[in-house]
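Asks: Just so you know, the sequences run in chain order A and B. The numbering of the first sequence is our numbering, which starts it at 1 and goes up by one. The numbering of the second sequence is our numbering, which starts it at 1 and goes up by one.
Hints were generated in silico from the structure; no laboratory data involved. Take the hints with a grain of salt, since some may be wrong.
Output of the computed footprint for chain A on chain B, the stretches with three or more beta carbons under 8 Å from beta carbons of chain A [to be verified]:
#, segment
1, 106-114
2, 287-293
3, 329-341
4, 362-375
Computed list of lysine-lysine pairs in DSS-like fashion (alpha-carbon distance at most 27 Å, straight line) [claimed, not checked]:
#, chain 1, residue 1, chain 2, residue 2
5, B, Lys398, A, Lys120
6, A, Lys277, B, Lys190
7, B, Lys333, A, Lys195
Positions of the beta carbon are idealized from the N, C-alpha and C atoms, including for glycine.
If you want the building blocks of each chain, they are given just below.
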Amino acid sequence: METLKQMFKSNIREYGMVIALVSIVLFFEIVSKGVLLQPLNVTNLIQQNSYILILAIGMLLVIVAFQIDLSVGSIAAFVGAVSAILMIDYHIGVVPGILISLLIGGLAGAFQGYWVSYFKIPGFIVTLAGMLIFRGLTMTALEGQSKAPFPEVFQKMSNGFIPDILSGTSIHITTLVVGIILTLVYIFFELSHRKAKLEYNFEVIPVQFLVAKLAFVGIAINWFMYLLASYKGIPNVLILLFILIVFYTFITTKTVVGRHIYALGGNEKAAKLSGVKTERIVFWVFVNMGVLSALSGLVFAARLNAATPKAGTGFELDAIAACFIGGASTAGGIGVVMGAIIGGLVMGVMNNGMSLIGVTIDMQQTIKGLVLLLAVAFDIYTKSKQT
Amino acid sequence: MEDVILEMINITKVFPGVKALNNVNLQVQKGEIHALVGENGAGKSTLMKVLSGVYPYETYTGDIRYKGKRCEFKNIKESEKLGIVIIHQELALIPYLSIEENIFLGNEQGKHGLIDWHATTMHTQKLLATVGLKELPSTLVTNIGVGKQQLVEIAKALSKEVELLILDEPTAALNEDDSDNLLELLLEFKRQGISSIIISHKLNEISRIADSITVLRDGATIETLNVRNDHITEERIIKGMVGRELTELYPKRDSAIGEIIFEVQNWTAYHHLHSSRKVIDHVNFHVKQGEVVGIAGLMGAGRTELAMSIFGRSYGQKISGQIYKNGVEVHLKNVSQAIEQGIAYVTEDRKQYGLILNNDIKRNITLANLKNIANHSVINENKEILVAEKSRQQMNIKCSSVLQNTVNLSGGNQQKVVLSKWIFTEPDVLILDEPTRGIDVGAKFEIYSIINKLAKDGKGIVLISSELPELLGMCDRIYVMSEGSITGELAGAEASQERIMQYVMSK
């Protein structure tokens, strides 16, 4: 019991986030009389929030590096517009269209990263300029009009589902199988992680806790997959998200580059004097953000099946809020990818839940603002307790 | 000396998990200079924060009697009203305001929210004359040196009609000259009847000016020594602080000095902002294997700039000159190249330039050599913990675990983490910039022992320090720098404080 208490205490922020998300889900599940967790609604939730979550992943790296990017919504819109022109007006194929779009996003990020890292202009200013520049370019490119429709294959990226190769009738069997496979992979990783720790003679959590943890996560995965399977199965965009989350979690926690981003955000001067190439890292963090903004813009355009001049308005604020709700530090150097995702989900579930129970859009804004404020206040409070 | 101005009785202050002060007693006579000494973490600063109301009444237990009256300060304003003024270790001046604005900040001269600039300037001039600072009241604080800033702080204290002045390590960042001025000023205040409490690690200064000394150890009063009646040696004070006698401040070293391992020739660098200002002027120096070479000089002599410009051009512009490692010329264009060539630079200001404070100990230790624990740029965290554990044992880093954030460590332990980081890069040459600044006697001894061990392993050590006794105690050879050039070189045996100061002043 003592170890459990200790574990909880030292990880209060991480557990706190999960607990907050679960309680918000339960709350809206009850007040919406079970609508929130209906398979259709869960699928909608994923599809509606995917583009914000993609941005939140990139934004987390930006915030950890003690920068900010206000231009992501505008870049998303611009890339959406370019992709529409390429695919609709010039009939260029979907795959080349997507690749060129991502490249353009990367270039937009490089443009901003150059000014921030080599010209030492604060990211806030550079990306504020970028926000105006790319919004203007979007309007110009689209001549103020929406452009539609996209090729069907492209739309599938956001609206489609994985095919049921096992041809279930009332339930999507492939989805269930994927759930089981994921569970096994998860158990495998947990066990090999534990084995490595034992080889180094490090302390590991007691077996009964491990079993409880595995069971809990396993049930959660399979229950979630069951929900999806009861509707149309796993949405394509969820697979995209899953790959991104795994990839960026790996980069941030396991690699030298990831470590350098955290060091730089925690203390740029010390990092530089320890051999971290700070300018280069900041530059690439912005390039990465540009590419992810482009991806987000594509997903949004595909979901809407149109590129519109107003696309992506306010996305930057949602992405930034997701990171801070998810425990990223306003002083840089602290934050995890999964936190930003949970932060994004907290906001997504609240949006969805409040709509379900008929809270007006205007009031939703206010409540979301308060949640952001409280989350950061809680963060600062727990930190002041610890030191 | 029967006139007691301040009495603190049985003060106990508890932080979550730690008893910072345990029944501490302190008695200060009117018009005396009372020194408060103790190792880092002994509770000196905490005690002064209790006194000045930073920790308000009721967050501690015990009594404060000031001029015979019981006091319950709820904030700093209340203690200042009675003439108790504290000057913190980190100066609290606003850099882009002028001297006069800073002095009267929060205490503006004038009426109805309007500032009377004539009165402000006049008062400031008077105060500056008192503290002996020759600057215009309208000069921006950012444009004057640390020593002068310290004087501005004191002038600010005087403007509040101070009766009890508390100085928390006032000379830690000052060079010898500025320190002397400051100490003289304190003696002058004493003649005017102002009492002071001074917290300091510099024992020679304390034995020079203090009338009595209270020693704290682990949050408790150990003893109060009366300096005027009895002759108190530094050894005697140290004994009280650490609870044992340090037979020698500087551990003996028996290392074989070998070939020249690192040499710098004709090194010249210009100011990082003003491209016409030469900061380093044709500097030549070398260090041999197993040798500890000191660089002495005043603050602003260009020692840190020299080290940083060598270390991967981290400072300055238009840098020219040659660097030889084992006789071969090397080009260190950035920090990673310097690290690859086996050069390590332990920075002067560990909080600003040395540590990632919100990262844990292990991450700080491995930061400069992640390659070593990574496989194809994927970090092996288990190996990382082992590396950190090894350093922790070898360096005797006191912490709950290597997963503890460095922000919570004491100064000495932070310095050991920084040293561990650089030792982990397996350097051949270490440049140590003020490695013992602001850390206590016990930890200093440990750092010196580490330096000796590194020298014994055949590494070349360059030790930059403002404390002359440290250089004399540790170095085989000492270079003296003044205004960007090397003005002298002394072998350890022939070096003395006087001779170093001669070279310092020779330009």
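Asks: Give me the numbers of the hints this structure contradicts, sorted from smallest to largest.
Replies: Result: hints 1, 2, 5, 6 and 7 break, sorted rising.
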